[in-house]
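Enquirer: Single-letter residue listing:
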Amino acid sequence: MYSASDLRKNLKIQIDGAPYVIVDFSFVKPGKGQALYRCKLKNMINGTQFERTYRSVDTFEPADLKEKKMQYLYEEDGKYCFMDTETYEQVYLSGDQVGDATNFLSDNLDAEILFFGEEPIGVTLPNFVDLTVTVAEPWSKGDSVTGKSKPIVVETGYSLQAPPFIEEGEKIRIDTRTGEYLTRVKE
Amino acid sequence: MMEADWRLAKKTEALHIRAAMIQAIRGFFMRKNFLEVETPIRIPGPAPEAHIDAIPSDGWYLHTSPELCMKRLLAAGYPRIFQISRCFRGAERGFRHMTEFTLLEWYESGIDYWRMMEVCEELLIAVAHSLGHKGDMTYCGRKIIMRRPWERLSLREAFRRHAPLSLEDAVERDRFDEIMVDAIEPNIGTEGPVFLYDYPVALGALARAKQTDPTVAERFELYMGGLELANAFSELTDATEQRERFERELTLRQTSGKAPYPMPEPFLAALSAMPESSGIALGVDRLAMIFAGSESIDDVVAFTTEDL
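As you go down the protein sequences, you meet chains A and B in turn. Converting from the first sequence to the working numbering requires adding 10 to each position, the first position being numbered 1. Converting from the second sequence to the working numbering requires adding 56 to each position, the first position being numbered 1.
Honestly, I wouldn't trust all of these hints.
Unchecked claim - Taking lysine to aspartate or glutamate pairs in the EDC-like style, the calculated list, with each CA pair at most 16 Å apart, reads: (1) A/Lys196 x B/Glu59; (2) A/Lys42 x B/Glu234; (3) A/Lys89 x A/Asp106; (4) A/Lys78 x A/Glu128; (5) A/Lys42 x B/Glu241; (6) A/Lys42 x B/Glu305; (7) A/Lys42 x B/Asp230; (8) A/Lys50 x B/Asp238; (9) A/Lys160 x A/Glu190; (10) A/Lys181 x A/Glu165; (11) A/Lys42 x B/Glu148; (12) B/Lys190 x B/Glu177; (13) A/Lys158 x B/Asp355; (14) A/Lys158 x B/Glu59; (15) B/Lys66 x A/Glu190; (16) B/Lys88 x B/Glu164; (17) A/Lys181 x B/Glu59; (18) A/Lys76 x A/Asp94; (19) A/Lys181 x A/Glu197; (20) A/Lys78 x A/Glu129; (21) B/Lys66 x B/Asp363; (22) A/Lys158 x B/Asp61; (23) A/Lys158 x B/Glu69; (24) B/Lys314 x B/Glu148; (25) B/Lys314 x A/Asp68; (26) A/Lys160 x B/Glu69.
Stated by the list, open to error - Here are the computed distance ranges between Cβ atoms for each label pair: (27) B/Leu187 x A/Asn118: 43 to 51 Å; (28) A/Gln24 x B/Glu332: 52 to 60 Å; (29) A/Gly57 x B/Glu332: 56 to 64 Å; (30) A/Asp87 x B/Ser186: 54 to 62 Å; (31) A/Thr144 x B/Ser186: 38 to 46 Å.
Quick caveat, the hints were computed from the structure, so don't treat them as lab data. Yeah, the Cβ is synthetic: ideal placement off N, Cα and C, and Gly gets one too.
The whole structure should be built from the sequences, with the hints applied where relevant.
Expert: Here is the structure:
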């Protein structure tokens, strides 16, 4: 059982027998008023979305999903293919089911595929992924002021802000929960 | 060589703005002959309020604001005092909330909340000037026209304009908080700062009731760039009424299963000696968000709880 203070983006909860994922979340509290938890929820089976504001007294059932570790193989015609590396069983998810995770999927990434009954309906990524930088302005050393940032693009096409010394071809670590740059990865 | 911590390094500009802002706030109050005070952060109990949860600390609590101690100073004859302190509120975490945050509180005797609005304008314009904002500002795409006087809008009128039901009905049907965040806050102060004033008495446990309309309390909230920035009262100085208000709040806490707080007897004992005055609490982190152009409170503090 979850309480309202457990609510956050990407949490999966059960509503009227169906699994929902929180795709957008904010905590708000008008001055001297009560805590409110605004959620945008997506039905993980049919994709329909709705918004609801919960109060701190509300409680929630975790979504009744099974997880299985699988490896990402490839994307074709908007279908994302994952494989169980022990049984070689393959499953496909739509872009909508993968959601923001498309930003961080690189070949052979291990992820948790979520099953509702026998049906694969979503994916949970590891908290950190390492991706190769494909676009970055060259770094001029005179420019090394602490705290400055520049936009870069990684192999998945995802763009983000990174320190000025990051160069093309380097591998960086990204926090998939926030989408932010964490550190350079030395291979 | 170890790579610098990027999460910290990228906050450089915001942290410089924050520091300059706090210096400007101090400078303003020094010029106005306010005394800077420091009151204990760990106290026997906070002012009893239904929806503000204090964090326990070895049998006592971390303060949720320095209000009780500062009012005891007021009552003891310190007419103009301010404090910048870390405050703690349990289970408040979001892009505008942290459980540990920085509050500026100041109190002035001999004035009411209406005059306090003007002091607010003076302070924030002085701080903006010292940070190089001589004219209007923008925050997250929202225009902030700084020219005085800033808009004053009664809460009742705000409900009439923007809400599907009246202020009284919203309170009666327990819909007030949701309507505030969904219908009122997004639609007020779209051009500049706005003082939202006269809250139902039940929503201002330490504010004086308005003489000409005792159903409302002399309380205002200042919104700037869409952010709720400050909360002020004409202070309630009637100890008997204050005790009754606290008892109501404690009952509300009890019925919603929340921790009881001790009745703040030393504060109540001092209250009858407190002169007419107005006090205000302003979120320093949120003000830094405006000047740094940050959408999240995380960007204007060196460390969030999650970073530790």
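Enquirer: State for each hint whether it applies.
Expert: We went through each hint and held it up to the structure:
{"no.": "1", "hint": "A/Lys196 x B/Glu59", "in the structure": "holds (11 Å)"}
{"no.": "2", "hint": "A/Lys42 x B/Glu234", "in the structure": "holds (13 Å)"}
{"no.": "3", "hint": "A/Lys89 x A/Asp106", "in the structure": "holds (10 Å)"}
{"no.": "4", "hint": "A/Lys78 x A/Glu128", "in the structure": "holds (11 Å)"}
{"no.": "5", "hint": "A/Lys42 x B/Glu241", "in the structure": "holds (14 Å)"}
{"no.": "6", "hint": "A/Lys42 x B/Glu305", "in the structure": "holds (12 Å)"}
{"no.": "7", "hint": "A/Lys42 x B/Asp230", "in the structure": "holds (14 Å)"}
{"no.": "8", "hint": "A/Lys50 x B/Asp238", "in the structure": "holds (14 Å)"}
{"no.": "9", "hint": "A/Lys160 x A/Glu190", "in the structure": "holds (13 Å)"}
{"no.": "10", "hint": "A/Lys181 x A/Glu165", "in the structure": "holds (10 Å)"}
{"no.": "11", "hint": "A/Lys42 x B/Glu148", "in the structure": "holds (12 Å)"}
{"no.": "12", "hint": "B/Lys190 x B/Glu177", "in the structure": "holds (14 Å)"}
{"no.": "13", "hint": "A/Lys158 x B/Asp355", "in the structure": "holds (14 Å)"}
{"no.": "14", "hint": "A/Lys158 x B/Glu59", "in the structure": "holds (14 Å)"}
{"no.": "15", "hint": "B/Lys66 x A/Glu190", "in the structure": "holds (12 Å)"}
{"no.": "16", "hint": "B/Lys88 x B/Glu164", "in the structure": "holds (11 Å)"}
{"no.": "17", "hint": "A/Lys181 x B/Glu59", "in the structure": "holds (14 Å)"}
{"no.": "18", "hint": "A/Lys76 x A/Asp94", "in the structure": "holds (14 Å)"}
{"no.": "19", "hint": "A/Lys181 x A/Glu197", "in the structure": "holds (8 Å)"}
{"no.": "20", "hint": "A/Lys78 x A/Glu129", "in the structure": "holds (12 Å)"}
{"no.": "21", "hint": "B/Lys66 x B/Asp363", "in the structure": "holds (14 Å)"}
{"no.": "22", "hint": "A/Lys158 x B/Asp61", "in the structure": "holds (13 Å)"}
{"no.": "23", "hint": "A/Lys158 x B/Glu69", "in the structure": "holds (9 Å)"}
{"no.": "24", "hint": "B/Lys314 x B/Glu148", "in the structure": "holds (15 Å)"}
{"no.": "25", "hint": "B/Lys314 x A/Asp68", "in the structure": "holds (15 Å)"}
{"no.": "26", "hint": "A/Lys160 x B/Glu69", "in the structure": "holds (15 Å)"}
{"no.": "27", "hint": "B/Leu187 x A/Asn118: 43 to 51 Å", "in the structure": "holds (50 Å)"}
{"no.": "28", "hint": "A/Gln24 x B/Glu332: 52 to 60 Å", "in the structure": "holds (55 Å)"}
{"no.": "29", "hint": "A/Gly57 x B/Glu332: 56 to 64 Å", "in the structure": "holds (59 Å)"}
{"no.": "30", "hint": "A/Asp87 x B/Ser186: 54 to 62 Å", "in the structure": "holds (59 Å)"}
{"no.": "31", "hint": "A/Thr144 x B/Ser186: 38 to 46 Å", "in the structure": "holds (44 Å)"}
Violated hints: none; the structure is consistent with every hint.
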